[in-house]
Every structure is written in C-alpha cells, then in structure tokens.
Amino acid sequence: MGFAGFTGRELDVLALLVNGVPRPEIGKRLGFSRWRTYELLRVIYSKTGFDDVAMLTAWAKANGLDETLPAETSETRAYPGTPKPRQKRIKLGRMRGTETPRRETRMS
Numbered sequence: 001m002g003f004a005g006f007t008g009r010e011l012d013v014l015a016l017l018v019n020g021v022p023r024p025e026i027g028k029r030l031g032f033s034r035w036r037t038y039e040l041l042r043v044i045y046s047k048t049g050f051d052d053v054a055m056l057t058a059w060a061k062a063n064g065l066d067e068t069l070p071a072e073t074s075e076t077r078a079y080p081g082t083p084k085p086r087q088k089r090i091k092l093g094r095m096r097g098t099e100t101p102r103r104e105t106r107m108s
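Just so it is clear: in the sequence shown, position 99 is 99 by my numbering, and no numbers are missing.
It should be emphasised that the hints constitute simulated quantities derived from the structure, not laboratory data.
None of the values given here were measured: they were computed from a predicted structure.
Some hints could be false.
[Claimed, not checked] In silico PhoX-like cross-links for lysine-lysine, where the CA-CA straight-line distance does not exceed 25 angstroms:
no., residue 1, residue 2
1, K28, K47
2, K47, K61
3, K61, K28
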C-alpha cells in the first residue's frame, strides 16, 4: 500500500482526477480500460467516504494528494499487464496472382 492506504495506481488516478482530467481521459493516459478506471475510482471513493468529486478534490488538495505524479507522467510509464500493440499477421503461402511451380512426376 502507498500513501494513506492507497495503491500507486489509485494515487495516479486520484491525482489526475483532482487536476481536472476527465474520467475517460484518465484511463487513456494510464493505459487502463474504462472499466478499470471506474473501478479504481469506486475504491477511492469508498476508502475516503466521499461521494462527490468536489469534496474529494478539496480533501485531496488539503492532504497534498494532487501532486503525487512524478516528473515522468504515467503516459510514459508502462504498468505490468498493459497490453502490447498487436502485430500485423503475416500470411504464409503463395501470393495472389502467382502460380506454384508444378513438380514433374516420374512414371516408371
């Protein structure tokens, strides 16, 4: 656990939320799915006991949790489990428009 019982990911999400980043953008910046972002926000709200973003923001700023992101942003930091970009599939076999050379068979 990180500061005040929050994980590092929760602190990243909280800092971005407090600094005015929209919820869908938080997931994009951190490499999370939209569902994962909302799940982390749900955990943050349950840990703090707040149900309003304005109250959560005021509390986080008062406790210095709006400055938890390091100099490198989370955009440049890859988390374990972040999916890799898909590679283009290469089809093996003959290309269209070409004929396969035929082998001659021996007749004995």
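Run the distance test for K47 versus K61: straight-line Cα separation, threshold 25 angstroms. 16 angstroms, holds
Decide if the proposed pair is consistent with the structure: K28 and K47, CA atoms, cutoff 25 angstroms inclusive. 24 angstroms, holds
Holds or violated: K61 to K28, with C-alpha atoms at most 25 angstroms apart: 23 angstroms, holds
The structure shown violates none of the earlier numbered hints.
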